[in-house]
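Heads up: the protein sequence lines correspond to chains B and X, in order.
Residue 1 is where the first sequence starts when you use the numbering used here, and the numbers rise one by one after that.
Residue 1 is where the second sequence starts when you use the numbering used here, and the numbers rise one by one after that.
Read the hints as simulated data drawn from the structure, not as lab findings.
Worth double-checking, as some hints may not be accurate.
If you want a taste of the chain B side facing chain X, the calculated C-beta under 10 Å gives, among others [claimed, not checked]:
1) Phe23
2) Glu25
3) Thr89
4) Pro164
5) Glu220
6) His223
7) Gly226
8) Ala227
9) Ser228
10) Leu265
11) Ala266
12) Ala267
13) Leu300
14) Arg318
Being a predicted model, the structure only gives us computed values, none of them experimental.
For glycine and all other residues, C-beta sits at the position ideal for the given N, C-alpha and C.
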Amino acid sequence: MPSLAAPPRRDASAVISLRPSGFDELGLRRALSDRMLPLLVAAMTFLAALALAGWFGIAALSRHWREGAGSALTVQVPDAQDKAADGDTTRLAAVLNLLTGTPGVTSAHALTNEELAALLRPWLGNAAASTQLAVPVPAVIAVRLNQPALDVGPMARRLEQAAPGTMVEDHNVWIRRLTLLTRSLQACAGLALVIVAAVAAAVVAVATRAGLTRRREAIEIVHGLGASDSYIAGRFASRVTWLAAAGAAGGGLVALPVLLVLANLAAPFGSQSADLGDWTTALTTVPAAMWASLPCLPVLAAAIGFLTAQGTVRRWLRRLP
Amino acid sequence: MLRFDMVGLRYAPVGFMPSVRTGRGGAVFGRGEPGKGDRREEGRRMGRGASPEVLHDITFHLHAGAFRWLLGPSGAGKSSMMRLMYLAVRPTRGRLTLLGTDVTTAPRAALPALRRRIGVVFQDFRLLQHLSAFDNVALPLRLAGRPEGQIRADVTELLKWVGLSRYLHLSPASLSGGEQQRVAIARAVITRPALLLADEPTGNLDDVQAERLMHLFKELNRIGTTVIVATHNEALVARHPAPALRLSEGRLISMDREDRDMRPDAYDLRPVAHE
Numbered sequence: 001m002p003s004l005a006a007p008p009r010r011d012a013s014a015v016i017s018l019r020p021s022g023f024d025e026l027g028l029r030r031a032l033s034d035r036m037l038p039l040l041v042a043a044m045t046f047l048a049a050l051a052l053a054g055w056f057g058i059a060a061l062s063r064h065w066r067e068g069a070g071s072a073l074t075v076q077v078p079d080a081q082d083k084a085a086d087g088d089t090t091r092l093a094a095v096l097n098l099l100t101g102t103p104g105v106t107s108a109h110a111l112t113n114e115e116l117a118a119l120l121r122p123w124l125g126n127a128a129a130s131t132q133l134a135v136p137v138p139a140v141i142a143v144r145l146n147q148p149a150l151d152v153g154p155m156a157r158r159l160e161q162a163a164p165g166t167m168v169e170d171h172n173v174w175i176r177r178l179t180l181l182t183r184s185l186q187a188c189a190g191l192a193l194v195i196v197a198a199v200a201a202a203v204v205a206v207a208t209r210a211g212l213t214r215r216r217e218a219i220e221i222v223h224g225l226g227a228s229d230s231y232i233a234g235r236f237a238s239r240v241t242w243l244a245a246a247g248a249a250g251g252g253l254v255a256l257p258v259l260l261v262l263a264n265l266a267a268p269f270g271s272q273s274a275d276l277g278d279w280t281t282a283l284t285t286v287p288a289a290m291w292a293s294l295p296c297l298p299v300l301a302a303a304i305g306f307l308t309a310q311g312t313v314r315r316w317l318r319r320l321p
Numbered sequence: 001m002l003r004f005d006m007v008g009l010r011y012a013p014v015g016f017m018p019s020v021r022t023g024r025g026g027a028v029f030g031r032g033e034p035g036k037g038d039r040r041e042e043g044r045r046m047g048r049g050a051s052p053e054v055l056h057d058i059t060f061h062l063h064a065g066a067f068r069w070l071l072g073p074s075g076a077g078k079s080s081m082m083r084l085m086y087l088a089v090r091p092t093r094g095r096l097t098l099l100g101t102d103v104t105t106a107p108r109a110a111l112p113a114l115r116r117r118i119g120v121v122f123q124d125f126r127l128l129q130h131l132s133a134f135d136n137v138a139l140p141l142r143l144a145g146r147p148e149g150q151i152r153a154d155v156t157e158l159l160k161w162v163g164l165s166r167y168l169h170l171s172p173a174s175l176s177g178g179e180q181q182r183v184a185i186a187r188a189v190i191t192r193p194a195l196l197l198a199d200e201p202t203g204n205l206d207d208v209q210a211e212r213l214m215h216l217f218k219e220l221n222r223i224g225t226t227v228i229v230a231t232h233n234e235a236l237v238a239r240h241p242a243p244a245l246r247l248s249e250g251r252l253i254s255m256d257r258e259d260r261d262m263r264p265d266a267y268d269l270r271p272v273a274h275e
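The following block holds chain X by itself, in its conformation from the complex (with noise of 0.2 Å):
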């Protein structure tokens, strides 16, 4: 479901990469004029004077269906983590199979088909301004060319349930920031997805939605969706026991013992090429 070997991920220089958003909100890398990004470039940059690697031979693996928090201090790499998974970035180092189809040599045209069985609640949300609450999480039903009465039932289903029925046709922009992430989040599960990620989704929740959320996690992580959680909040993991994914500095500093990657082969990848 879920393997990284020996992954290592170094962004390209400042100025050189598309808009990044990462952890506590706003743009850490820049979001400059990109050059040409083609991967051949991208390559040469890496070569000389690239920036600092983010994540160093991170390896384990998730079987389908699995729970996982993710947990580290701010700027332990959480967020580049995450990035890896919903297909932001592809690793520089190793190897990553997501969903059966290793991506690091999956033809770029291969990762949208992928994207649409990934879940992302990003913590900034990340809703189109100008849509309505309804289209903001019929968008990716309509990305995925499902018939316009399937998706009227089901965004309406699914709106209603996060308790948002009445805001149907408001934009993002007049719902308040819990209104927003519930929107967000709707988004994210509308498809049903595979894996659902979700970064910092209390960040905006009184307690009570908090745990309504967590309900909804692990009812769609009983079903069968590999849901992983990257948060700071402590009390949360502590009221929601679960195997935890720990970083700290960019590494992997401990998992669940069934998360390790057993493979015989699996240490003997060295790092390739541009390092």
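Okay, chain B solo, but in the shape it has when bound (with noise of 0.2 Å):
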């Protein structure tokens, strides 16, 4: 047939592309825009970045000190050079034997007065070392055990009795009060987690119902023609996995270098050097599985973006026939 087609009368700026490289026949490039949503997106990921740092340095923590403490006992001897109950000995020498022949102790050793100076340095300062201190220190024993379950009530009457004025300090009371405590504090770091994944889902909610509401005509129109629920929840969905993805890698990597000072920050607290670790030790001290899950974060706002979007475009679709 014939052409009917009027005169060319159109200007440049109406012209759309052939075949645009990604179809967007809902619109959503526009109505779910590159800006808001991933900034909020990037936030709630470096709020979870640090919750999961809270976490895993807290966990580190914590068997840290578990392990160097949890198998050990000390052994307080006070006026360490008088003659002991028994007249023989002096009162350490005593004690030392009678811990050795303990079963369940595997070592005994009385901390020299180098190590002792360098374990009240961070109190006392360098003075501890130098000198003779003013106050009367007892001598330490540091004790280390086969099996942490240890009963120490009789040891520590016997000790008693040998060499009176002896104190046996159990570290599993401290350990269990640090337990609790470590348990708590990650208990908390793990419902902020929970928090931020809740509130992020709600960010996508809205975001895709203003998207919904924006483009109510355009989904109405290829709803009518024959557009399934899936089909135009995908097309959300992708858009938006998309954008939380995006949003959430950059919230993560602006996280990277903060978590790096908290890091060193916190090193000399897990290891046994009271300075501050240089920037190489920093990247060590961060635990391996801390790395492990950083990546983990924009794979989970991307699963919540999708999930969310899917949920929300499925039921505001019901309204249509």
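Grab the two chains, each in its own frame, and use the hints to assemble them into the complex.
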């Protein structure tokens, strides 16, 4: 048939490319902009990374303390060089004898003056190392046990008989308290993660609903042309998933230097050196699990975005026949 | 192919409907925020204080390959009939069978596939303004998952045929009313639908273009498409005589003899539930 078209009278600005690389029939590139949603998801991811860092940091610290102290006892012997109750040896030697003869004890080592000074340095400064201290310091015996659950009561009584005033400090009490504390802190970090995820889901839902309202007419047209709910939901979900993943990647990258600084600050508590580590040690002090879980954040954000968008759109579409 | 059994239609009260476009352009039924549009709630709303029924006891039957005018004055229910046939609403009573599927009982998930076999030319075109003419026409094929190469060939061919080959890449907004209408028509027929519905398709066309369009419809009808055209244009009807379904005040007042539903039980279907 002959063409009935009117003569050309178009302006160039109205030209749309013949086959857009991403066919965007619902106009989602404008309805779900690449500004707000990624920014909010990035902020959520930053918070999630901090919570994760808290979780792993606490876990590492508590493990370190448990391993270091769980199978150890400290015995303090005041007036160590005085005669023991039996009169033959010094009180220190008597206590050491008793300890090495106790089943379950692998070693009993009386700290030298230098070791004692190192131990006291955080509290007393270098004065502890240089000269004799003005205050009398009891001898300290570090005892290692091969069974952490050993009941130290009977042993403490025998030591008390041999050298009255000897104190057995059972670290397990502290370990239990520390464990309780770290568990609570970890629970808080976990709760923070859950809340961040919930808020992220809410943000995605709100953004998706705004997009649905903005593209209502286009959706109705496409629906009328026979698009299934899963098709329309899929279009929204793929856009939202991409935006959430991009935002989360950005947020994770921003969190990275902050985590390194924190790891550097936390390093002295996890190692024996009292100095702040340099940056290379900071990298190694971040637990490996942390490195592994950080890349999971964008994946998790994408999953939250996908599921939330799917759910929101499908629920919304049910109003159409 | 198409069977109405005592079909009645009642819209949900204003404020609960998705946007409804009807006859003379513009929304008649509000497009306010629809609550939760699930059918349970719809049923509850129907119960009391619902809006009046707009179609009553529509009963007829069309065999495949029919060509029918749908006639009647404004407000007679033509647009509501069309909406039933392109599955924008479901009957509130009676039974409607479309292309072999009982749409009154079919699960919602079965409707999209059915819609893809129905082509619709809307009076207000309903083109996507952010897409080019090409993409608008290609949309039904892409929804059907056709290969891109075939889509390009088919769409280019059809747009050439309706005389728009030079404007493939233009947005509908930069096309004239008649050109937009031709895009809308191309989109409706690109999938070779089994049922073609047109609501005032000649409204924006001059006589020459309207004749051209009628030739296209008749051509499609000859190769097996069932065509239903709703119009006010009596001159057009006179030039192209064909059986007509006439509506008045929501009732079907006349139809071709062969469209009468002759099944013995056809009229035994009593209105269901919410009446």
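Verification of the supplied hints:
1. With a least beta-carbon distance of about 7 Å to chain X, the hint placing Phe23/B at the interface is held under the 10 Å criterion.
2. Proximity of Glu25/B to chain X holds as hinted, the smallest CB-CB distance being about 6 Å (cut-off 10 Å).
3. Interface restraint check for Thr89/B: the shortest CB-CB distance to chain X comes to about 88 Å, outside 10 Å, so the restraint is violated.
4. Of the supplied interface hints, the one on Pro164/B is violated, with its beta-carbon coming no nearer than about 80 Å to a beta-carbon of chain X, more than 10 Å.
5. The beta carbon of Glu220/B is positioned within 10 Å of a beta carbon in chain X (closest approach about 6 Å), and the interface hint is therefore held.
6. The interface hint given for His223/B is met, as the beta carbon of that residue sits about 8 Å from the closest beta carbon of chain X, less than 10 Å.
7. Proximity of Gly226/B to chain X holds as hinted, the smallest CB-CB distance being about 3 Å (cut-off 10 Å).
8. Nearest Cβ of chain X to the Cβ of Ala227/B: about 5 Å, under the 10 Å cut. The hint holds.
9. Using the Cβ-Cβ criterion of 10 Å, the hint placing Ser228/B at the interface with chain X is satisfied: the shortest such distance is roughly 4 Å.
10. A least Cβ separation of about 52 Å between Leu265/B and chain X goes past the 10 Å threshold, and the interface hint is therefore violated.
11. This hint is violated: Ala266/B has a C-beta 50 Å from the nearest C-beta of chain X, more than the 10 Å allowed.
12. A distance limit of 10 Å between C-beta atoms decides the matter here; for Ala267/B the minimum to chain X is near 55 Å, and the interface restraint is violated.
13. Interface restraint check: Leu300/B against chain X, minimum CB-CB distance 30 Å, threshold 10 Å, status violated.
14. Here the hint on Arg318/B is kept, as its CB sits about 6 Å from the closest CB of chain X, short of 10 Å.
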